[in-house]
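Build out the structure end to end from the sequences listed, making use of the hints.
Protein chains in written order, with my numbering: chain C, 1 to 130; chain Y, 1 to 386.
For the record, the hints were derived by calculation from the structure and aren't laboratory data.
Incorrect hints may have been included.
Unchecked claim - SDA-like cross-link-like pairs, simulated, lysine to any residue; straight-line CA separation at most 20 Å:
| no. | chain 1 | residue 1 | chain 2 | residue 2 |
| --- | --- | --- | --- | --- |
| 1 | Y | Lys166 | Y | Asp138 |
| 2 | Y | Lys84 | Y | Phe313 |
| 3 | C | Lys11 | Y | Pro370 |
| 4 | C | Lys11 | Y | Lys371 |
| 5 | C | Lys5 | Y | Glu314 |
| 6 | C | Lys116 | C | Pro101 |
| 7 | Y | Lys378 | C | Asp8 |
| 8 | Y | Lys123 | Y | Glu314 |
| 9 | C | Lys11 | Y | Cys317 |
| 10 | Y | Lys230 | Y | Gln39 |
| 11 | C | Lys27 | Y | Lys378 |
| 12 | Y | Lys375 | C | Asn12 |
| 13 | C | Lys57 | Y | Cys317 |
| 14 | C | Lys11 | Y | Glu374 |
| 15 | Y | Lys50 | Y | Pro31 |
| 16 | C | Lys57 | C | Ala117 |
| 17 | Y | Lys371 | C | Pro13 |
| 18 | C | Lys11 | Y | Ala15 |
| 19 | Y | Lys378 | C | Val28 |
| 20 | Y | Lys22 | Y | Asp5 |
| 21 | Y | Lys378 | C | Asn12 |
| 22 | Y | Lys206 | Y | Ala15 |
| 23 | Y | Lys378 | C | Glu20 |
| 24 | Y | Lys375 | C | Met16 |
| 25 | Y | Lys371 | Y | Arg355 |
| 26 | C | Lys57 | Y | Tyr301 |
| 27 | Y | Lys272 | Y | Lys230 |
| 28 | Y | Lys106 | Y | Lys123 |
Claimed, not checked - Calculated Cβ distances over 10 Å to all of chain Y for the following chain C residues:
| no. | residue |
| --- | --- |
| 29 | Asp35 |
| 30 | Glu59 |
| 31 | Thr60 |
| 32 | Lys87 |
| 33 | Ile94 |
A virtual CB, placed ideally from N, CA and C, is assigned to each residue, including glycine.
The residues making up each chain are set out below.
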Amino acid sequence: MYSQKLIDHFKNPRNMGRIENADGIGKVGNPVCGDVMWIYIKVGKNENNQEIIEDIKFETFGCGAAVATSSVITELAKGKTIEEAEKITNQDVIDVLEGLPPLKKHCSLLAEQGLKAAINDYRERQKTKT
Amino acid sequence: MIYLDHNATTPCDPAVFEEMKKWFTEMFFNPSSIYTPSQQARQAIEDARKKVAKLLDASPEEIIFTSGGTESNNTAIIGTAYLKKNKGNHIITSLIEHHAVLNVCKFLEKNMGFQITYLPVDKYGLVDPDDVKKAITDKTILISIMAANNEIGTIEPIEEIGKIAKENNILFHCDGVQVAGKIPVSVKKLNVDFFSLSAHKFYGPKGIGALYVRKGVKFRPILYGGHQEKGLRPGTENVPAIVGLGKACEIAEKNMEDDASKEKVLRDKLEKLLFERIPEIIVNGHPEKRLYNTLNICVKYVEGESMLLHLDFEGICASSGSACTSGSLEPSHVLLALGIPPEVAHGSLRFSLGRPNTMEEIEKTADVLPKIVEKLRKMSPFWDKK
Numbered sequence: 001m002y003s004q005k006l007i008d009h010f011k012n013p014r015n016m017g018r019i020e021n022a023d024g025i026g027k028v029g030n031p032v033c034g035d036v037m038w039i040y041i042k043v044g045k046n047e048n049n050q051e052i053i054e055d056i057k058f059e060t061f062g063c064g065a066a067v068a069t070s071s072v073i074t075e076l077a078k079g080k081t082i083e084e085a086e087k088i089t090n091q092d093v094i095d096v097l098e099g100l101p102p103l104k105k106h107c108s109l110l111a112e113q114g115l116k117a118a119i120n121d122y123r124e125r126q127k128t129k130t
Numbered sequence: 001m002i003y004l005d006h007n008a009t010t011p012c013d014p015a016v017f018e019e020m021k022k023w024f025t026e027m028f029f030n031p032s033s034i035y036t037p038s039q040q041a042r043q044a045i046e047d048a049r050k051k052v053a054k055l056l057d058a059s060p061e062e063i064i065f066t067s068g069g070t071e072s073n074n075t076a077i078i079g080t081a082y083l084k085k086n087k088g089n090h091i092i093t094s095l096i097e098h099h100a101v102l103n104v105c106k107f108l109e110k111n112m113g114f115q116i117t118y119l120p121v122d123k124y125g126l127v128d129p130d131d132v133k134k135a136i137t138d139k140t141i142l143i144s145i146m147a148a149n150n151e152i153g154t155i156e157p158i159e160e161i162g163k164i165a166k167e168n169n170i171l172f173h174c175d176g177v178q179v180a181g182k183i184p185v186s187v188k189k190l191n192v193d194f195f196s197l198s199a200h201k202f203y204g205p206k207g208i209g210a211l212y213v214r215k216g217v218k219f220r221p222i223l224y225g226g227h228q229e230k231g232l233r234p235g236t237e238n239v240p241a242i243v244g245l246g247k248a249c250e251i252a253e254k255n256m257e258d259d260a261s262k263e264k265v266l267r268d269k270l271e272k273l274l275f276e277r278i279p280e281i282i283v284n285g286h287p288e289k290r291l292y293n294t295l296n297i298c299v300k301y302v303e304g305e306s307m308l309l310h311l312d313f314e315g316i317c318a319s320s321g322s323a324c325t326s327g328s329l330e331p332s333h334v335l336l337a338l339g340i341p342p343e344v345a346h347g348s349l350r351f352s353l354g355r356p357n358t359m360e361e362i363e364k365t366a367d368v369l370p371k372i373v374e375k376l377r378k379m380s381p382f383w384d385k386k
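Pasting the structure below:
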């Protein structure tokens with residue numbers, strides 16, 4: 001049912017935990033549906049003065065696929081510029097996992113939405129700062 | 001490997017398998033043929049029928065062989081609906097039945113103009129016989145209530161419901177798949193008209209079951225063909241599987257008391273250890289009126305499938321009523337019917353013990369699970385890490 005790649009991410013999730021004083025937090029999913037993801041980001045700048053995702057962490061309540069897709073999205077986003085990170089899709093997550101069972105596709109969407117929500121949250125906070 | 005999923009299926013007893021073997025190979029004959037070897041196959045079927053009847057305190061002529069629990073349930077419910085649809089179109093069942101009953105009722109609702117009353121249950125999963133009584137109308141033709149629930153193990157008051165059905169002259173079907181071979185059953189005492197069982201739930205082969213039909217009770221078959229099983233279930237008999245079912249019944253009768261006392265000790269131990277070692281868990285099902293082999297818990301703030309995967313990494317096989325394991329987005333209909341919030345129901349785990357389990361396996365499971373829960377709770381946004 002699950003690929004070896006997915007099992008690896010489930011067993012050894014990357015970037016698991018929370019970031020205290022995060023610059024943006026994306027909270028997606030619904031406990032009633034059995035999947036909830038919280039994505040934390042810390043934003044910095046690279047040598048070209050572009051905003052990048054310096055650090056990213058996740059907390060997830062959910063099934064094997066939910067945990068693995070959370071892990072993958074954090075890996076994909078880490079170090080990328082905000083613009084690049086925003087372009088990451090659920091298909092990118094599925095590709096890294098070498099496929100997902102059809103019933104678990106919504107987990108990859110949740111991961112994409114979680115990252116986008118964290119970035120949006122960051123932008124909103126920036127607005128109120130200025 | 002530690003197998004704790006016996007309510008899903010059990011290993012076929014080697015003695016059962018041994019007895020089945022020759023009916024595949026040298027004794028392959030069609031029991032309907034006239035020659036001597038065929039007559040031996042016929043005799044083997046009738047011997048098995050006696051054994052099934054004995055397990056249920058029924059007469060052999062009241063036993064029909066089917067392909068399993070699902071077919072037995074379908075036959076009793078659809079077969080009664082077909083025959084009685086002019087007399088009435090109302091059936092009473094419960095919210096926590098197996099899908100092999102619920103989806104049959106939904107079929108009748110959708111396609112045959114039936115009205116179904118799905119009775120609620122209390123927080124332990126018990127159907128109230130009074131609710132059954134109140135639900136009866138002059139259109140009620142059948143009551144179908146399970147003997148024990150497959151997920152939580154709660155044992156229903158079948159004898160009382162049977163009495164009510166009899167008093168009101170309504171047919172009563174009981175899905176007995178989870179109790180047959182586990183606890184003593186007397187269809188006479190229970191006042192049931194139909195009783196379903198399945199061999200693979202008590203160390204018999206898969207693909208074979210039986211339906212008890214009380215003498216004199218009629219139903220319209222759902223399959224049409226030859227004269228086998230008095231035309232009520234046509235098709236060349238699955239002789240090896242029928243022999244296997246018979247043997248499984250014989251073994252179950254002999255072992256029932258030992259199985260019960262042994263498995264209860266192990267189940268209670270598992271329950272106790274898990275409660276000592278894992279905070280914020282609840283047990284589902286009735287504290288006493290519960291199958292001695294079943295332990296269903298909800299672990300708050302963690303999702304069931306995640307726990308099952310980690311248990312599997314440790315070689316432990318169990319099951320869950322989480323959405324992810326049911327193939328839908330809804331958690332178990334049984335847990336929801338108990339009034340458990342969906343987010344808690346997603347964290348359910350079912351351990352169902354069987355004859356081969358040992359104390360060592362229980363202790364290993366109770367060692368492993370708390371670590372899994374701790375790991376997953378660390379990951380959960382809802383778990384407060386203090």
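Numbers of the earlier hints that this structure fails to satisfy, in rising order:
2, 6, 8, 13, 18, 20, 25, 27, 28, 29, 30, 31
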